[in-house]
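Sequence positions in the sequence shown follow my numbering and run 136 to 307.
Misleading hints may appear alongside valid ones.
[Unchecked claim] Cβ-Cβ distance ranges computed for the label pairs, FRET-style: (1) G224 x G288: 31 to 39 Å; (2) A181 x Q211: 18 to 26 Å; (3) T284 x A222: 31 to 39 Å; (4) A269 x A239: 28 to 36 Å.
[Said to hold, decoys possible] With a straight-line cut-off of 20 Å between C-alpha atoms, the simulated SDA-like cross-links for lysine to any residue are: (5) K196 x S227; (6) K196 x A273; (7) K196 x A207; (8) K196 x D220; (9) K196 x M229; (10) K196 x T225; (11) K196 x G224; (12) K196 x P266; (13) K196 x I251; (14) K196 x S218; (15) K196 x P213; (16) K196 x P237; (17) K196 x S285; (18) K196 x D209; (19) K196 x A182; (20) K196 x G298; (21) K196 x H296; (22) K196 x A305.
Simulated from the structure, these hints should not be mistaken for lab results. We put the CB at the ideal spot given by N, CA and C, even for glycine.
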Amino acid sequence: MPLRRLLVLSIAGTLISGCSNSEDADMADDAARPEPVLTQAAQPTAAPDGTALVAGSWTVKEGPAGGSAVFAEDGQQPALTMSCDSASGTLSMMVASASQTPEAWRLDAGGEVARIDMAPVEGGLAAEIQPDLAIFHAFAAPGQTASLTSATGEIMQFPTHPGISRVLDACS
Numbered sequence: 136m137p138l139r140r141l142l143v144l145s146i147a148g149t150l151i152s153g154c155s156n157s158e159d160a161d162m163a164d165d166a167a168r169p170e171p172v173l174t175q176a177a178q179p180t181a182a183p184d185g186t187a188l189v190a191g192s193w194t195v196k197e198g199p200a201g202g203s204a205v206f207a208e209d210g211q212q213p214a215l216t217m218s219c220d221s222a223s224g225t226l227s228m229m230v231a232s233a234s235q236t237p238e239a240w241r242l243d244a245g246g247e248v249a250r251i252d253m254a255p256v257e258g259g260l261a262a263e264i265q266p267d268l269a270i271f272h273a274f275a276a277p278g279q280t281a282s283l284t285s286a287t288g289e290i291m292q293f294p295t296h297p298g299i300s301r302v303l304d305a306c307s
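Using the sequences plus the hints, can you model the full thing?
Printed below as a string of structure tokens:
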């Protein structure tokens, strides 16, 4: 008699275990998990030393004619633009300014300092820059800042962006 119960219990256990479907359990787990959503990292609002950064974010674009990195607030004029014309190999930097005369600006980035002679253009001041100089590649170092100081002493600090290296490379 005990052997018969043991046999019935083992058969019942086998039948019950055959009824469960592990694929259904996996699908239920997948259905319970939401689909991952890619989000952008929060834009820094202050430099590591606590000083304020220019409001906005970088937009990097590339195309057959070259590339550009534009720093601006949504719907506003760019505060800083770096653009490459790959056909001529010309890399330009433009800052928003109301100045109508040429000015010497100071760039601090990556532990280096450089003077940039800016000339008035529509919408600001611009200069051709050398894409192979390390100070401009510092704009692509993650987690850093680059500062531009106007002739009047106004300091504009920008966060760096790794995509800027692609704009610089397009003109190298």
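Evaluation of the provided hints:
no.: 1; hint: G224 x G288: 31 to 39 Å; result: 33 Å, holds
no.: 2; hint: A181 x Q211: 18 to 26 Å; result: 20 Å, holds
no.: 3; hint: T284 x A222: 31 to 39 Å; result: 32 Å, holds
no.: 4; hint: A269 x A239: 28 to 36 Å; result: 20 Å, violated
no.: 5; hint: K196 x S227; result: 15 Å, holds
no.: 6; hint: K196 x A273; result: 19 Å, holds
no.: 7; hint: K196 x A207; result: 14 Å, holds
no.: 8; hint: K196 x D220; result: 12 Å, holds
no.: 9; hint: K196 x M229; result: 16 Å, holds
no.: 10; hint: K196 x T225; result: 16 Å, holds
no.: 11; hint: K196 x G224; result: 16 Å, holds
no.: 12; hint: K196 x P266; result: 17 Å, holds
no.: 13; hint: K196 x I251; result: 24 Å, violated
no.: 14; hint: K196 x S218; result: 9 Å, holds
no.: 15; hint: K196 x P213; result: 14 Å, holds
no.: 16; hint: K196 x P237; result: 28 Å, violated
no.: 17; hint: K196 x S285; result: 27 Å, violated
no.: 18; hint: K196 x D209; result: 16 Å, holds
no.: 19; hint: K196 x A182; result: 25 Å, violated
no.: 20; hint: K196 x G298; result: 9 Å, holds
no.: 21; hint: K196 x H296; result: 12 Å, holds
no.: 22; hint: K196 x A305; result: 11 Å, holds
When each numbered hint is compared with the structure, violations occur for hints 4, 13, 16, 17 and 19.
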